Amino acid sequence: MIDSPLKWPCQLGGTALCQRLAAMVRPPLSALLSLGLVLLCQAPASVTCHTRGRDSSSSSRLRTHRSVHSPDPINCVLGPWSAWTPCPPCESEQHRHRRLQQPAKYKGQSCMGTRWDTAACPGLPCNPVNLCGEKFMCEESGRCIDRQMVCNREEDCQDGSDERDCLYEEEEEDDSFCQSLFPIPGVEQLVLGYNALTQEFQFGVLDPKYSGGLCEYVYNGDWRQLSYEPFCERMYYSDDEKYFRKPHNLHSYSFQAQASNGMSTEYYDNVNELLRALGNENSNQFGFSFGIANVELGFSFQNSEKTLKNVTDYLEQNVGFIRMQTRVETAQFTMRSQDLVLDETMLQSLHRLPEDYDPGQYLHFINTYGTHYVTAGTLGGVYEHIVVVDAEAMKHEEVDFKEVGFCFGVKLQVPLEKSGKVNIGVGTNICDTQSGSLTEKGKKSKVIKDILNRVRGGNLAQSSSVTARSAEAFREWGHSLAYSPALIEFQILPIYELLRFTNVNSIEKKTTNLRQAWDEYLAENNPCRCGPCQNNGEPLLQGTTCKCVCPSGSSGEACEETDRKGPTHGAWSCWSQWSGCLSGMRTRSRQCNNPAPSNGGQNCVGRNGQMRSC
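So the sequence shown is residues -49 to -1, 1 to 565, counted in mature numbering (1 follows the signal peptide of the UniProt record, and there is no 0).
Source of the hints: derived by calculation from the structure; they are not laboratory data.
Since the structure is predicted, the reported quantities are computational estimates derived from the model, not experimental observations.
Any given hint could be a false lead.
Derived pair list, reagent style BS3-like, types lysine-lysine, alpha-carbon separation capped at 27 angstroms [to be verified]: (1) Lys86 <-> Lys460; (2) Lys193 <-> Lys160; (3) Lys397 <-> Lys346; (4) Lys400 <-> Lys58; (5) Lys160 <-> Lys461; (6) Lys516 <-> Lys346; (7) Lys400 <-> Lys346; (8) Lys516 <-> Lys58; (9) Lys461 <-> Lys86.
Full structure from sequences and hints, please.
Encoded structure:
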């Protein structure tokens, strides 16, 4: 007989065989060897099934401490690879993808490998088809521009083909004035596509420079700030910041001089509350609500920023979160609602899409350029820290979140000078409490476990120095926002709507195809595929893996263990597939059973059916 528990290779019969053998009385060593089983000794506790030749952390294993009420683990399943996209002229790469047939649930095994694959194309000569009629066609992209914009001293084609071999007349004063203006600060961010699932900006969808042959500009009312020129030892006004060139795609842009009165401080008991606050904040700025409107995203952070990934690392720990934030606005803007001019690279990608629906090519288009585009918003900067604190240590040392925030060194006031430049005053205090937990700089705190930095906008060098929390660093960061603002609040529309409002001709069929791909893309990556999460847990989809973010007092893979019996609110299932076309309409439905409301919980908010013309 052997005294140590055994590890069994899964290839010999999988988890079921492993479970049966584990339940048996330990057999003689010779009997096990005759079965060809590999024996590995470990500390007495359990019998675990391992896959031969693979790391145990990624194998399918027995969880001996799982509650009898816990749901069974569900492993991730990826579908087969699609066919490679074709290699037409102008295309340097081809792509293939595989669908997420089943995300991993309840600590099931995650999928290995990627869902997208790329290979090089032979690089055939690029000769765009002329669809411009009487207009001039840009050689590389196929963009159509008016003939009057040819040889006007401005490159309206990215390749410069509209200004090639031109004989210019004497330049007029108005033309030289407009061409000397700087572009609007931050305009490059306004034209990027946006992936609402990953909350990340993608490649450009609109042209940030195209002027349409017009000389339009915006006035900066805060230009009258005296600056010192050290070489000439004189004071002067910044005349070059009085006007900025407005591109065609921008409808309006107004400089602002607004800021919050100070730093707001909020405390969240657990990850669930923090993620809900972040989700509600994003849904408000996007113009839709998570879990209510047609775009129902929930908490879906596939490739989300590092901060959100770090937050979810604390799912099973007894921690709280102190969120400290101040915000500065530098400008507000709106984009045109008609006659939008696409980025030339996106235009080329659009021209290469087939008229007949090909899921691989259309899904790759959305994966590249995003699910949405920006229609309006606010530019500026956000300084934010999320301090992860040990809840037990705070209770033991009798400190509250305001004291921790103060001892963290943040006491901001953000007055704005008339110039619009941000003047941020900082009061910094590193505390030494009676318990000694929050100590002088360089000594470890028992209360603070981690600090997650979320600084947006401003000069990158200054943004990184902000983490030092010095008054000078904050002031420099605030000044740099005027030249390097971030997009801090915005409204969006689906990417297929952009094609309806553009000046590109003959793309009606592609617009319909793109909407179909958009529906499929959101459905495949929607956290409604996760759960059900019990006791008002929130489903979270990260890549190919689902998690249930449990409220305070609940635990378990599905939040099934709780000390607080109360109402469980209902959550929607995923939408069904669209029905066939009947009398010019398609329909789809969903159920309030993910989970269903119980113990007096609320029903799902919203409609259980949708109709669409066909």
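Comparing the hints with the structure gives:
no.	hint	result
1	Lys86 <-> Lys460	holds (23 angstroms)
2	Lys193 <-> Lys160	holds (19 angstroms)
3	Lys397 <-> Lys346	holds (12 angstroms)
4	Lys400 <-> Lys58	holds (25 angstroms)
5	Lys160 <-> Lys461	holds (26 angstroms)
6	Lys516 <-> Lys346	holds (25 angstroms)
7	Lys400 <-> Lys346	holds (15 angstroms)
8	Lys516 <-> Lys58	holds (24 angstroms)
9	Lys461 <-> Lys86	holds (22 angstroms)
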